[in-house]
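**Q** Okay, here's what each chain looks like letter by letter:
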Amino acid sequence: MFDKYIVCEEGFRVLDDGRTGGVVEVRMPYYRGLTLSMVEAVDLVLDGRPVPPSRTTFTVHGHTYRFDQLPHTTDDRWEMGERAQLAFETDEPLAPGEHEVAVTVRLRISYMPVPGGGRDSKRLTLAA
Amino acid sequence: MSAPAHQIKRGVSLYSFQEEYFLRTLSVEDCIRVAGEIGARGIEIIPEQMIPGFPHVSDEFVEDWFAWMERYGTTPVATDLFLDTKLHPDRWLTREEQVASICRDVDIAVRLGAGIVRAIINTPPEVMEEAAPYAEEQGVRLLLEVHAPFHYEHPWILEHLEVMHRTGSPALGLMPDMGTYVERFPRVVSERALRDGAEPELVDLIVKTYDDHGDTHALMDVVNYRGGGPADFGLARQATHYIWSEPKAMLEHMPLIGHIQAKFYEMTDDGVEYSIPYDRIVPVLVEGGFDGHLSSEYEGNRHIQDVHPVDSVEQVRRQHAMFARLLGETA
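As given, the protein sequences belong to chains G and F, one line each in that order. Counted the way the working numbering counts, the first sequence spans residues 146 to 273. Counted the way the working numbering counts, the second sequence spans residues 612 to 942.
Think of the hints as simulated: they come from the structure by calculation, not from any bench. In this text, a Cβ means the ideal position worked out from N, Cα and C, and glycines have one as well. Be a bit skeptical, because a hint or two may be false.
[As the list claims (entries may be wrong)] SDA-like, lysine to any residue: derived pairs with alpha carbons at most 25 angstroms apart:
hint	chain 1	residue 1	chain 2	residue 2
1	F	K859	F	H765
2	G	K149	F	V799
3	F	K859	F	L634
4	F	K697	G	R251
5	G	K267	F	V918
6	G	K149	F	H919
7	F	K697	G	D188
8	F	K697	G	L252
9	G	K149	F	L805
10	G	K149	F	S801
11	G	K267	F	A616
12	F	K697	G	D220
13	G	K149	F	L634
14	F	K620	F	K697
15	G	K267	F	G845
16	F	K697	G	Q214
17	G	K149	G	L271
18	G	K267	F	E794
19	G	K267	F	Q916
20	G	K149	F	R806
21	G	K267	F	R635
22	G	K267	G	T202
23	G	K267	F	R806
24	F	K620	F	R722
[To be verified] Chain G is nowhere near these chain F residues, computed Cβ spacing over 12 angstroms in every case:
hint	residue
25	P663
26	A678
27	E773
28	T879
So here's chain G without its partners, still in its complex pose:
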């Protein structure tokens, strides 16, 4: 329902902690906030290559989680429309310029028999 808004146009940048990789800002394609234990996946495909979840972290309002922590995180939420930071590591530094960023969000919605979520893909320009 909000698939087209998953990948934010703004905020695509390189990691600033010395590691190689970057950050893409993402929103949840759903009409309410959700406890993080029900966020099953936020999968990133960068320039056609999947980035393993073990090389990504997820930050909401300043709280950073590994994806293997999310299933048991019941005291924090991804709020509706909130821009979360999906940080990812790469082997090589990100080249300047445009990149194809595809993100798939999978949510466990209790009243639905099938997984919720959605996917979005945008060409983003790396912030200088």
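Chain F: place on chain G using the hints.
**A** Quick look at chain F alone, frame taken from chain G:
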């Protein structure tokens, strides 16, 4: 022509403004302000949607909330609860935890001054029964949403009705969603499917089957036999999820009905809902002596956002102009 005397009030679920709230072009305060301007004075809110930090609701939010009500001439009416039975990846929420979740949301309604809580359709009847005494004690009514594709003869609803009638709890009741009165297929939905690559012949088949109130059970299969793809399957599934039933069916249940979710997909330039015949629904509510709120629930944004800027405020405004007319407030 004036409508017969009635006590029906107008309101809006802030869910209606989800597109603008998501994109942060309207704040919660903005939503309440426009509701007041439109004359939709009874406010319904989904706390999980618009109160960051949920289930914690800060004193500051509560203070702001009541200040906005005062400032914009609105009143808190209802909150909508969800029941996350699948909160944990490896186990179902226990019955005790489910009841605790409902009670937590009753407490939030009380803090926000709302006397009605929408219980989501997946709430089990036994959980409603166990939570009822607490809701009653708190002066809150727990109303089960009757949401498409459910209706009053469906076994799931019958189980709930059994609990309501057997316990006679004043805290339990129903909240019909007007998405159960979709008489013709919403064109915003079929037009979107076409833009998403659905086959025009299959879209015609789906829309015609629905509009004829034909058998939609096997639509997904037939669409598959005719070579449909994901956009066609999605549309066929939608056709099985909308329902049309006779609005007069509400009359029998009127003593239990405390609130109406006035779902809509498209208010046309002519000031009518394209799919849902409110001109035949409102008289039923008047006849039944319904005295709660007709609470707008706009849900068209998701079907048009790919090609049009969404203007939820204008859509709600149009729906209320229609309600004012049907309720005899205007000529």
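**Q** Where does the structure disagree with the numbered hints, that is, which hint numbers, in rising order?
**A** As far as the earlier hints go, 3, 11, 14, 18, 25 are violated by this structure, in ascending order.
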